[in-house]
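Q: For reference, the chains in residue letters:
2 protein chains.
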Amino acid sequence: MALKIEAFGILNIPIVEKGSDIPGIICRAIDEQGISLEEGDIIVVTEKIISKAEGRVVRLADVSPSSKAEDLAKKTGKDPRLVELILGESNEILRVGENLIITETKGGFVCANAGIDQSNIREGCAKLLPEDPDRSASVIRNALEEWYNIKGIGVVIADSFGRAFRNGSVGIAIGASGIKALWDRRGERDIYGRRLMVTRVAVADMLASTASLLMGEAGEKVAVVVIKGLDFRGEGTAADLLRCRSEDVFR
Amino acid sequence: MALKIEAFGILNIPIVEKGSDIPGIICRAIDEQGISLEEGDIIVVTEKIISKAEGRVVRLADVSPSSKAEDLAKKTGKDPRLVELILGESNEILRVGENLIITETKGGFVCANAGIDQSNIREGCAKLLPEDPDRSASVIRNALEEWYNIKGIGVVIADSFGRAFRNGSVGIAIGASGIKALWDRRGERDIYGRRLMVTRVAVADMLASTASLLMGEAGEKVAVVVIKGLDFRGEGTAADLLRCRSEDVFR
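Quick mapping for you: the protein sequence lines, in order, are chains Z and R. Numbered by the numbering used here, the letters in the first sequence go through residues 1 to 251 in order. Numbered by the numbering used here, the letters in the second sequence go through residues 1001 to 1251 in order.
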């Protein structure tokens, strides 16, 4: 028998608003689709519904841009109010160009616009990343483990990021709980008994990419994906995937 | 009914040598596992078996390092013969450090060691990337479509690359045929009727990551993965995923 992964896109997630009970929404939607969760199953949740439930949607009309934001808006051609939000969410600006601002966010992610998104929210608004996505993942995991009365459920909070050197966005993990987010294989040996050259595997990012194939970007038709058939149980977080500055040759 | 992806890890691929008939090996292995291919199915193949079949395994004892390779070997602590191979496979050196050489390969990939691998091959050897992985993917696709007498099979050649800013390797596509490798969604609208901000999606890379979750790195236990349930039929190649130098802010 072949090894097999199954990934189920959960279709019936309602539109989420500030204060929505995300764990409850996820459990009911999974149940409604007749999927039963087992130990080792992994739930990937788009950050979009987490951010919305956490009230991270900001009206641009309520933002007063600083002079720094006004300057950067002129350089990039972006809305100064959006730039103000980007600056407020960032530790450091890495690259600036025509319609381009790449920063390190307060959470340590290197991405465009500090992860702030204007798709799939009301006109005139912008959506910030969840405040602490590893914590959000942990809250969802605990709720799911209680609801189903099992241990060993993994949760990944996924977003879509661009990359250096390559075109197109991919799903990456901004939050994780209950999985080996970064699988450390140092010391393992290959089929000829030699030590592996690749020793750390970004499992949580690949889970996010798998789910993103089902999620798409248009609308929130699939906001949650259940992945079965893998066993990456562990205690990693998405913060494990952030390369520390001293090891980073591309800043 | 939930949307569903299934990914099958094909277990019974024999050890591949120079000249092995890769399309034939893949078809027989898929058939032996009782999997029937349909239009839209995607086959992900690890570059390891492609490179080996193409005779891209080099004995280090046969390599004479140039003085440039000797210098770079001293700086990085790498074997001068390996460095010679890296230089021969590269257009440009991007970053150098302790045990680190990142280049742009002749095929345009930005990665460590020009993609040269010393795992899962004989002691004293090094394995170069396939010469033209998009062509390799196309050859496999044509053979599979003929074997199964159907159109619309997608093929991805996958490798594991590290990334800027993030720890751990992920599966990425170095070759593709018969799929929208880079899915262009410009002009589509979100649930509120606004244009999408993220407009190009690296589908082939996410397919490679999905397969890599099953492949692992140790040995070639799973060298081929069949993915069912998605429809990304199209005529893209992995070259579509290479960001052109003029748009690259991280060189």
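In short, the hints are calculated from the structure, not lab data. C-beta atoms are modelled at their ideal positions from N, C-alpha and C, and glycine is treated no differently. Hints may be right or wrong, so weigh each one.
With the Cβ distance kept under 10 Å, some of the chain Z side facing chain R (calculated, not the full set) [said to hold, decoys possible]:
no. : residue
1   : R163
2   : S169
3   : C244
Below are the DSS-like pairs computed for lysine-lysine, each with C-alpha atoms no more than 30 Å apart in a straight line [to be verified]:
no. : chain 1 : residue 1 : chain 2 : residue 2
4   : R       : K1221     : Z       : K221
5   : R       : K1151     : Z       : K180
6   : R       : K1228     : Z       : K228
7   : Z       : K151      : R       : K1004
8   : R       : K1228     : Z       : K4
9   : R       : K1221     : Z       : K228
10  : Z       : K221      : R       : K1004
11  : Z       : K228      : R       : K1074
12  : R       : K1228     : Z       : K106
13  : R       : K1228     : Z       : K221
14  : R       : K1106     : Z       : K4
15  : Z       : K4        : R       : K1078
16  : Z       : K228      : R       : K1180
17  : Z       : K4        : R       : K1075
18  : Z       : K106      : Z       : K74
19  : R       : K1180     : Z       : K4
20  : Z       : K180      : Z       : K4
21  : Z       : K180      : R       : K1221
To spell it out: a stretch of chain Z is covered by chain R in this simulated footprint if at least three of its residues, at any positions, have a beta carbon under 8 Å from a beta carbon of chain R; those stretches are [unchecked claim]:
no. : region
22  : 89 to 101
23  : 114 to 126
Q: Which earlier hints turn out false for this structure, listed by number in ascending order?
A: Of the numbered hints, 4, 5, 11, 12, 14, 15 and 17 do not hold.
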